[in-house]
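J.: Protein chains in written order, with the working numbering: chain G, 1 to 106; chain C, 1 to 246.
Computed list of lysine-lysine pairs in DSSO-like fashion (alpha-carbon distance at most 30 angstroms, straight line): (1) K10(C) / K40(G); (2) K92(C) / K46(G); (3) K10(C) / K92(C); (4) K63(C) / K92(C); (5) K40(G) / K71(G); (6) K92(C) / K236(C); (7) K236(C) / K46(G); (8) K71(G) / K92(C); (9) K92(C) / K40(G); (10) K92(G) / K40(G); (11) K78(C) / K46(G); (12) K66(G) / K40(G); (13) K99(G) / K10(C); (14) K92(C) / K66(G); (15) K78(C) / K40(G); (16) K71(G) / K46(G); (17) K10(C) / K78(C); (18) K66(G) / K78(C); (19) K78(C) / K71(G); (20) K10(C) / K236(C); (21) K66(G) / K10(C); (22) K78(C) / K92(C); (23) K63(C) / K78(C); (24) K236(C) / K78(C); (25) K66(G) / K46(G); (26) K92(G) / K92(C); (27) K46(G) / K10(C); (28) K71(G) / K236(C); (29) K10(C) / K92(G); (30) K40(G) / K236(C).
Per the computed footprint, the stretches of chain C lying under chain G, defined by three or more beta-carbons under 8 angstroms from a beta-carbon of chain G, are: (31) 10–23; (32) 89–97.
Over 10 angstroms on every C-beta distance to chain C, these chain G residues come out as not near it, computed from the model: (33) S9; (34) L11; (35) R13; (36) V14; (37) T45; (38) V51; (39) E58; (40) V64.
In short, the hints are calculated from the structure, not lab data. A virtual CB, placed ideally from N, CA and C, is assigned to each residue, including glycine.
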Amino acid sequence: MSGSLQNLSGLDRVIHEPARLMLVALLSTIESADFLFLLKESGLTKGNLSVHLSRLEEAGYLHVDKTFQGKIPHTDYSLTAEGRTAFNAYRKQLDPILKRRSGSAK
Amino acid sequence: MDVRIEAVLKRARGYWFIDGFTEMAAGGLFVILAGILLYRGYGPQVPFLDWFLAVTSEIVIAKLIGILVAVLLLWWLKDHFTYPRTGFVRGKRITAAQALVVLRNVMLFLFLPILALLALSLLIASASNVLASMPAWFPAALGLIWGGMYLLAGEWLGLRRFRFLAAIMALTGIAIGICQFTIGLPSFPSKMPSEISALPVLNAVNRTLISLDFLVLISGVFLLISGMLTFLRYRKENPAPYAEES
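So here's chain G without its partners, still in its complex pose (with noise of 0.2 angstroms):
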């Protein structure tokens, strides 16, 4: 197996999901989202998204903060220190698949 197949099979499957990578990505340069941010800009489903909500939590990716706004119930979505670090290192091992491609693309 070449050393570019051995790193694929070495990702991270909890991020490497679209729906999930997307979600990671889009809270990776911010402190935190509510959930409706979220919807909005990953356009999923309210059901879908809290499912992909839901794994990335239980993954430890993931610190999630209930609060009330007045009373309107308020849920803060942020990425954990290990989120955050799964993140850049999935962008790391996916890096060189990618440049490998388009170079053998040209």
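Once you've looked at the hints, dock chain C against the given chain G.
T.: Positioned in the frame of chain G, the structure of chain C alone reads:
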């Protein structure tokens, strides 16, 4: 689902500008500053020292109050208009060390090249020539710097309209510079005794002020237009929510 990580990162970074409010606030502040300068420039004749003190103090006060009002207004508008429509985002907190790195980079990539260019121009031409041609090169240089900053910001935030604003600012600066170099823009009526106003340095400062005024005014108007168009599109794409999303 096709996820282009870089595009997603840019979308999150550029969220603050999604509604056009920031551009409208910046454009409004620019127009107010240009208005103060125009009003003082063409306003009633007063002794030079009074005029100079009035202009500088009013511009400093307008900047301080304007920035404070703009920040408060932006927070209010975001709270009542943007966040209920497209969600709340808290930006990354910058540590003191990160702020120092930003400051160092600004100094390195913005001020050092300007100082280097000035030093180079002083080597090529005499100091009096550089000062005398200030009304031409100053707006061009400032327009190019602003344009460069908007271009970089546009790339970083993934906002294509910033490229257009960058081009407008750079071209306006260059156009004003060319106008000053060839035909000369109308300068402010002199508010100093003729023997003082005849000094080339003061004459150059006077003409530079009007160059700067045009650049700030035109840039401000385009920022306002860009902000308004962005706001109208945002409002159309994101109508008021009927029920709270949670």
